[in-house]
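Undergrad: Chain by chain, the residues run as shown.
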Amino acid sequence: MKWLRWSLPLAIFLVVLGFLFVGLFRDPREVPSPLIGKPAPAFSLAQLHRPEQTLTTQDMRGQVWLLNVWASWCVSCRVEHPLLVELAKANVVPVIGLAYKDKPEDGLAWLAANGDPYRLSIVDRDGRVGIDFGVYGVPETFVIDKGGVIRYKQIGPLTADALRQTILPLVRELQKS
Amino acid sequence: MREVSDTTRLHLRRRGLHLRHWGASLLLAVVLGTAAVAARGDLALDARLKALENELRCLVCQNQTLAESNAPLAEDLRKEVRELAVAGKSDDDIRAYLVARYGDFVLYKPPVKATTYALWFGPFVLLAAGIFVWIAVLRRRARMPGGETPDDTSDDGAAASRARALLGD
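Those sequence lines, one after another, are chains A and B.
Residues in the first sequence are numbered consecutively from 1, following this note's numbering.
Residues in the second sequence are numbered consecutively from 1001, following this note's numbering.
Just so you know, these hints were derived from the structure itself, not from any lab.
Treat the hints with care, since some could be wrong.
To be verified - In silico contact screen, one side only, chain B against chain A (beta carbon under 7 Å); selected entries:
hint, residue
1, V1060
2, D1076
3, R1078
4, Y1097
5, Y1102
6, L1107
7, G1130
8, V1133
All C-beta atoms, glycine included, are put in the ideal place defined by N, C-alpha and C.
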């Protein structure tokens, strides 16, 4: 029992230390989405380039696709944009752009200036579809499978690592099924 | 004849004015009344929303409530919450609506479930463990021979002899 006097506090201290250490590498801004594994919310939004046409969740059934939430006013969208342009060139997976709370003319000008990697873009002027998708910051990227189920959510700008290690392997796996 | 008819007409006109006056006041009363009722309804709704928004987290600024935050998303969510409330949804419905989209993190008061047991009951477990240790220590002290605080007296003795040595020097 004597050894408990020093080993028990030490053990508790080490456990607390372990938790704190792991906490150092976790981003409190990354709130896990409850929508992973759930069907993507239904939407019907006007397209950015052809406002008279809409895109609905149903239209994307049967293919794996990415939904990239962006805005012309969003600074970190510029960081991930070159990666999206590259991804579009590789033509692995269709990317749909969701212009979040953005004026259509601003969005169009931004795409004209920075390159347009999107299969097509849709306009969420009042941010309502964003709320349905649980968007709380731009950019965010969702991986949606053939059945319309959200499989992954990237919070913040895409990185080359996230694409290579997580998103593209997941996309390939989903495309096989 | 003419005069009479004139006064009659005047009289009639006055009565008409009178009637119109009455009608106007009645209308005004009705309008004000409904406005007051509506305003009271709004006040009750405002109070309810305020209370609700105070227990919801703004996801952009994280340490602010939905009521406090000026972030555009918080504004949108307040609007959404108000619309849901006006549509007759209960507070629980509104909470469920937000949790479905943003997860339990939007709630400042986390729900009691398997993943939060440690959070809810952990402190009580620690408290119980502390009391247990405390009682164990007290019991052992009571069992020790030579009074309550044997260590202290021996320390005192050592200190006293050291002081005596100093004084005697």
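Undergrad: With a cut-off of 7 Å on the beta carbons, see whether B:V1060 makes it to chain A.
TA: holds, 6 Å
Undergrad: For the hint on B:L1107, just tell me whether its beta-carbon gets within less than 7 Å of chain A.
TA: Given a least distance of 12 Å, the restraint on B:L1107 is violated.
Undergrad: Against chain A, run the beta carbon of B:R1078 and see if the smallest gap drops under 7 Å.
TA: It is violated, given that the least Cβ distance between B:R1078 and chain A is near 11 Å, above 7 Å.
Undergrad: Under 7 Å is the threshold here; is the Cβ of B:D1076 close enough to any Cβ of chain A for the hint to stand?
TA: holds, 5 Å
Undergrad: Hint check: is the beta carbon of B:V1133 less than 7 Å from a beta carbon of chain A?
TA: violated, 9 Å
Undergrad: Have a go at the B:G1130 hint: is there a Cβ in chain A nearer than 7 Å to its own Cβ?
TA: Hint on B:G1130: violated, closest Cβ of chain A at ~12 Å, above 7 Å.
Undergrad: Against chain A, with CB atoms and a cut of 7 Å, does the hint on B:Y1097 hold up?
TA: Violated, because the Cβ-Cβ distance from B:Y1097 to chain A comes to roughly 9 Å (cut-off 7 Å).
Undergrad: Would you settle whether the hint for B:Y1102 is holds or violated, based on the nearest Cβ-Cβ distance to chain A being less than 7 Å?
TA: holds, 5 Å
Consistency with the previously given hints fails for numbers 3, 4, 6, 7 and 8, ordered from lowest to highest.
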